[in-house]
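Novice: What follows is each chain in one-letter form.
There are 2 protein chains.
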Amino acid sequence: MSESNESGPPPETRQQIMDATYEALREHGYADLTMETIADEFEKSQSLLHYHYDTKQDLLVAFVGTFLDRLVDAVESADADTPRERLDATVDLLLSDPEAHSDFQTALLELRSQAPYVEAYREQFVENDAHLRGFIADIVRDGVDAGDFADVDPTRVAETILVLAEGARTRTIVFDDDDAIDTTRAAVDGFIRSHVRAD
Amino acid sequence: MSESNESGPPPETRQQIMDATYEALREHGYADLTMETIADEFEKSQSLLHYHYDTKQDLLVAFVGTFLDRLVDAVESADADTPRERLDATVDLLLSDPEAHSDFQTALLELRSQAPYVEAYREQFVENDAHLRGFIADIVRDGVDAGDFADVDPTRVAETILVLAEGARTRTIVFDDDDAIDTTRAAVDGFIRSHVRAD
Numbered sequence: 143m144s145e146s147n148e149s150g151p152p153p154e155t156r157q158q159i160m161d162a163t164y165e166a167l168r169e170h171g172y173a174d175l176t177m178e179t180i181a182d183e184f185e186k187s188q189s190l191l192h193y194h195y196d197t198k199q200d201l202l203v204a205f206v207g208t209f210l211d212r213l214v215d216a217v218e219s220a221d222a223d224t225p226r227e228r229l230d231a232t233v234d235l236l237l238s239d240p241e242a243h244s245d246f247q248t249a250l251l252e253l254r255s256q257a258p259y260v261e262a263y264r265e266q267f268v269e270n271d272a273h274l275r276g277f278i279a280d281i282v283r284d285g286v287d288a289g290d291f292a293d294v295d296p297t298r299v300a301e302t303i304l305v306l307a308e309g310a311r312t313r314t315i316v317f318d319d320d321d322a323i324d325t326t327r328a329a330v331d332g333f334i335r336s337h338v339r340a341d
Numbered sequence: 143m144s145e146s147n148e149s150g151p152p153p154e155t156r157q158q159i160m161d162a163t164y165e166a167l168r169e170h171g172y173a174d175l176t177m178e179t180i181a182d183e184f185e186k187s188q189s190l191l192h193y194h195y196d197t198k199q200d201l202l203v204a205f206v207g208t209f210l211d212r213l214v215d216a217v218e219s220a221d222a223d224t225p226r227e228r229l230d231a232t233v234d235l236l237l238s239d240p241e242a243h244s245d246f247q248t249a250l251l252e253l254r255s256q257a258p259y260v261e262a263y264r265e266q267f268v269e270n271d272a273h274l275r276g277f278i279a280d281i282v283r284d285g286v287d288a289g290d291f292a293d294v295d296p297t298r299v300a301e302t303i304l305v306l307a308e309g310a311r312t313r314t315i316v317f318d319d320d321d322a323i324d325t326t327r328a329a330v331d332g333f334i335r336s337h338v339r340a341d
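Sequences listed follow chains A and B, in order. Start counting the first sequence at 143; every next residue gets the next number (the working numbering). Start counting the second sequence at 143; every next residue gets the next number (the working numbering).
Keep in mind the hints are simulated off the structure, nothing from the lab. Heads up, a few of these hints could be off.
Chain copies aren't distinguished; within one or between two, either way the pair holds.
SDA-like, lysine to any residue: derived pairs with alpha carbons at most 25 Å apart [stated by the list, open to error]:
no. : residue 1 : residue 2
1   : Lys-198   : Ala-173
2   : Lys-186   : Ala-279
3   : Lys-198   : Phe-317
4   : Lys-198   : Asp-284
5   : Lys-198   : Asp-318
Build the full structure now, drawing on both the sequences and the hints.
Specialist: Written as structure tokens, this is what we have:
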């Protein structure tokens, strides 16, 4: 990034750019995504897009960086107060209808598959994952402290949930398998019932 | 395929072509894989490669089709007789050292991410998955019949194991995360102990 845009675009512009990126990924997939296809979805000028993000890679890293905020915001605004309700709400969101956004999920798996080749993608995915794992582990820890959950290892529980969610998303996309989410939801519920809950 | 090669290459040639495909995928990844890069790894003539497989896509479908045979052969030749031992051996193989073959696993995730775009890939992945699910479910069913396992739904158990294995593989590749396999192995063992085994 050039010096002038180090702090990033103002929030409203940033949101419009992220929305345009989402639409362009849905429409073109990752392989055919360019700054031009993103600009086509952006209401403002193409030069404004280039002013804020030098390359497609810069933009996609910023885009991936918004995922976690959206998930955390959604959990915070869900009607969930106890650790058990908050954990359920988080699992719901992790497994929420990828079929409903399957073009986007398809593009996202392509993007994830590029992490071994593009270090900036990997770093952002790793950062997201560490935060998400910490977010879930904090919920589990609260539940352990409150006596709602058994004396489990919160990080280990978070990792198991994330492995299941990752597997379900990948299978849904690769196999076009509607059942993967339901199977996984049942597996996560069984895991939480038998390994996490105190009762 | 042309009429002359409908039955496919003889076993030894087929094995050499599949070995060459594996090496080319490791070396070049999926995006840069061509019939030429595969031919470079093939001891025999390039024309023989083209004689047996018209396109890279044909060849990769055949390549993916060999995965399951290898897994089943490995389980059959493992020192595992009881359903419990056979289930353990299968999980071991599903989760075996992807880090040791990480270039190949990286290429394989790229290939899987193309399933929504290339129907022939999706069909082969779906076929593999159905066979693998059936293979695992049969082991579980044998265990239920023998009284080693509780009265579980064999297909549901197989799906849960496959979701966990898929998630672990994807996370290992995307995050370069050595721990994903260990975490998953512990989660699968916990799942089998508490949900599958009769004792």
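Novice: Look at each hint and say if it fits the structure.
Specialist: Right, here's what the structure says about each hint:
no. : hint              : result
1   : Lys-198 x Ala-173 : both (11 Å within a copy, 18 Å between copies)
2   : Lys-186 x Ala-279 : neither (40 Å within a copy, 55 Å between copies)
3   : Lys-198 x Phe-317 : between (29 Å within a copy, 21 Å between copies)
4   : Lys-198 x Asp-284 : neither (40 Å within a copy, 53 Å between copies)
5   : Lys-198 x Asp-318 : between (28 Å within a copy, 23 Å between copies)
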